[in-house]
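Residues in the sequence shown are numbered from 1 upward in steps of one, following our numbering.
Among the hints, erroneous ones may be present.
As the list claims (entries may be wrong) - Here are the simulated lysine-lysine pairs, DSSO-like style, with alpha carbons at most 30 Å apart:
no.	residue 1	residue 2
1	Lys41	Lys54
2	Lys64	Lys139
3	Lys132	Lys64
4	Lys139	Lys150
5	Lys61	Lys118
6	Lys150	Lys75
7	Lys64	Lys41
If you are wondering where the hints come from, they were derived from the structure by calculation, not from laboratory data.
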Amino acid sequence: MKINKLSALLLLCLSTSVLAKTTDFSEPIEVNADRNEASLKQQMLVYSGNVIVKQGTLLIKADKLTVDRSAGEGKEVFIAVGKPAVYSQVLDGEKPIQASAEEIRYAMATRVLTLTGKAEITQSGSLVRSAKIEYDLLKQQLSAESEEGKERVTTIFTSEGK
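Using the sequences plus the hints, can you model the full thing?
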């Protein structure tokens with residue numbers, strides 16, 4: 001994989017107004033699904049069928065969700081898979097962000113969202129599309145990578161008035 005530095009710089013500019021609602025992080029996480037399986041020994045939970053994850057304004061919808069709790073409380077990793085899996089959140093300043101990918105990985109301890117496989121993220125009408133997008137909710141940083149020999153990172157800017 002190679003990083004498209006120009007797109008990464010554009011993403012940084014795009015992300016200056018991107019900050020998740022800080023109150024969301026203190027809210028409990030609620031998971032709803034058609035089915036749940038748990039391995040208490042391995043500290044893994046698997047949800048399948050119409051999975052919905054909520055934490056404040058954060059919302060993830062997926063076909064399947066795996067929760068890895070082996071690192072301890074507050075360090076859970078949520079891996080949502082779908083065609084696509086979808087993420088949305090209302091940001092401080094009331095600017096919603098929406099994302100989709102074949103896999104969405106959310107690490108609670110670092111507050112990093114990693115989108116892989118046909119990844120897209122939209123905010124204020126602007127769009128970033130690539131094979132992989134990493135979005136740090138705390139640092140307000142985005143980075144995108146293309147796959148070697150495949151489609152490049154695409155960024156589309158639109159004015160907020162449209």
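Check the hint pairing Lys150 with Lys75 against an upper bound of 30 Å on the C-alpha distance. Roughly 34 Å between the alpha carbons, so the hint for Lys150 and Lys75 is violated.
Restraint check for Lys41 with Lys54, where alpha carbons must lie at most 30 Å apart: 26 Å, holds
Within a Cα-Cα threshold of 30 Å, do Lys132 and Lys64 meet the stated pairing? 19 Å, holds
Starting from Lys61, check that the Cα of Lys118 is at most 30 Å away, please. Cα-Cα ~16 Å, so holds.
Is Lys139 within 30 Å of Lys150, Cα to Cα? Holds, because 29 Å separates the two Cα atoms, which is no more than 30 Å.
Is it true that the CA of Lys64 sits at most 30 Å from the CA of Lys139? 28 Å, holds
Please verify whether Lys64 and Lys41 have alpha carbons no more than 30 Å apart. Holds, because 21 Å separates the two Cα atoms, which is no more than 30 Å.
Figure legend: structure checked against the earlier numbered hints; the only hint not met is number 6.
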